[in-house]
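**Student:** Position chain W relative to chain X; hints supplied.
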Amino acid sequence: MGMPYYVSPEQMMQDKAEYARKGIARGRSTIALEFLNGILLFADNPSTLNKISEIYDRIAFAGAGKYNEFENLRKAGIRHADMKGYVYSREDVTARSLANAYSQTIGDVFSQEMKPLEIEILVIEVGESVDGNEMYRIQFDGSILDEKSFTVIGGQSEDLTEALKSRYKLTSLKGALSICWTALEAESEDDIDPESLEVAVLDRSSKGRQFRRLDLKEVKKYLNK
Amino acid sequence: MTPFQLNDPGSSFQDLLSSSQPDLILNRIDAKGAFSEGQNILKTVPHGTTILSLRYQEGVIICGDRRATEGYTISERRIEKVYKTDETSAIAISGAAGPCIEMTRLFQVELEHYEKLEGHLLSLEGKANKLAQMIKANLPMAMQGLVVIPIYAGYDLKRKTGRIFKFDVAGGRYEEREYYATGSGGRDAKGTLKRMFKPNLSRDEAIRVALEAIYDAAEADVATGGPDMLRGIFPNVMVMSKKGVMDVPDEDVQAIYEEILERLREGQ
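Sequence lines, in order, name chains X and W. Quick note: the first sequence, position 76, residue 76 per our numbering, numbers continuous. Quick note: the second sequence, position 226, residue 226 per our numbering, numbers continuous.
Pulled out of the complex, with its shape left as it was, chain W reads as follows:
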């Protein structure tokens, strides 16, 4: 176990972890040789797929499908790609599932750790920058196929608005003003978002737009899971406003999908 440290290593949990337990930081592990030449890492490690975020009147919505794939095989039907990171923000992940989930856990602890040590929350921008640094640190792993590409969204308490941040593999951080989607089905989801997005959508309208986008992505992309009525598996949706982060219950998502399917049956 970690020695009880009396010297001050600062307020970052990631720094603490890399100084006291460096073997737990994924990017320190050399994955070369772990996979024999010619073997495609995409077929060996589960990957996550369509995630998206859009702003609405009172904040921002974040959404992700539930399927993980290993090559052409479905490895997981119920994986969660959307996680609450603190009381005002959430992250959606795409890329290699293992490193994605690990980075999310580390990021959650990082935010809580900072808040407890410093006695106040990081700004939303500060949190997004921290996440960008973590993605940048993962670059060696990304070069070997273990990519982590999240969307980070939250309600900015100072600016009183919802904000969306997207990232590239090298740790580039960009803010989106309206909507964004990424992952293997991201292109298709973006098409739907482009068609249906309007400024100042209501909460319910925005949830519907998000779910339509996931549906369209699942129709066109094999690695994206649509609503699974048979097993009762539905995309995860979270809503962030000044009231905090709210998980949209599966029953509500199911009801919206039933309406969408009904409409499609009628050919409208």
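Only chain X is shown next, with the shape it has when bound in the complex:
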């Protein structure tokens, strides 16, 4: 006969959180950083599978941790946004509502399922001015952090955040790229290569869909590599 056992809720949550944190820290980091004309998304990602994606006209997504888990969330976000934009109007799709939906879903999984999601995601919206930008960082337990200037998810995010803190200033796209590059270089044990970067911007000066990927040529040009 098996022994009945008891695990306190505190213990259970702590174990789950530790499990999720470990999973997320194994990967590499993604940075979102505000610059004069928009928001830069900068991922250390040698794979061809994307960590950064377009969600809607002014909204982008970035995921860290387990690919299949955040990829599912990415798709759910696009469906949510496209549906809302179709039923109402394009301008009614907001990052705040999307971040709330994500937070609910991720929080429910954390409290109800055995295995928490080993992910951390960003929902970013570029505003009409720098003050209008919104950057939501949503953690594995569903908690939302409303970030300013820059934010980091995945990998050794705390170290990278420190490295960015001393370097950050509101500057051009070229300047923003070089801030991310030098911070990442300072925190990496190995050499980093422009070829292993995934870079995109939400550019408020463009019309309609403001998400744009930067190809290798463009990244190299901005970084003088």
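Derived from the structure by calculation, the hints contain no laboratory data. In this text, all values refer to a predicted model and were calculated from it rather than measured experimentally. Mixed in with the good hints, there may be bad ones.
Stated by the list, open to error - List of simulated lysine-lysine pairs, DSSO-like, C-alpha gap at most 30 angstroms: (1) W:136 <-> X:84; (2) X:225 <-> W:243; (3) X:207 <-> W:130; (4) W:136 <-> X:207; (5) X:174 <-> W:243; (6) X:84 <-> X:148; (7) W:243 <-> X:221; (8) X:207 <-> W:243; (9) W:166 <-> W:136; (10) X:220 <-> W:158; (11) W:84 <-> W:130; (12) X:174 <-> W:242; (13) W:84 <-> X:84; (14) W:130 <-> W:160; (15) X:221 <-> W:158; (16) W:166 <-> W:130; (17) W:242 <-> X:221; (18) X:217 <-> W:158.
**Tutor:** Just chain W now, kept in the frame of chain X:
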């Protein structure tokens, strides 16, 4: 609002819409009874009229007049019948205005949705096939008078050429090699296109041919609007090439029509 879906319903927005909000798909609505017997639906719902497309040296041009009619009444002078659908293609619509505009919106979202989920664009042929399926799904509505007949044109990035697709009510999809026109003034426009079309027209020549065709259609067909100099309303023209989709500004269209009218005054 739509529940936040974690199961995978695929990459089609139309499928997503019909599974989560079926009441928003027009063809699910039974319009029988909405119109009493003997009442002509053509007199109750605005209809769109002459649309055309022709290929030129670097791509393809698509064009539509601006008039919508309810029976013999002009219901709209400024309606737009030409819409950009993505970075390489555009659609022109004829038929019942409401379902036409709704199908265009759904088609635009469908293309963008697929691109974002899959991370790459559908081929031009894939887009044309998708549109054909949407027209086929509208068949029950078409049988009740709410017809949607578009022309779809775009620049095929793989084949490096402009392409024109026409459709029938049952969802048949056919490719035209040179030019095509449809709508109530389509016959007249086609006459002009037949007379003036040459392979490898330049961009400016092709725009002029398109505008001449609309002019001739407007002369012969009551439901087609010609250039309205008084109010400054002109047909919509879009040009598609490898550079993308370009809207021809009203001022340029006006200038061409002034030349055409000048020529007609001189009786040439």
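**Student:** Mind listing which of the numbered hints don't hold for this structure, in increasing order?
**Tutor:** Structure breaks hint 4 only.
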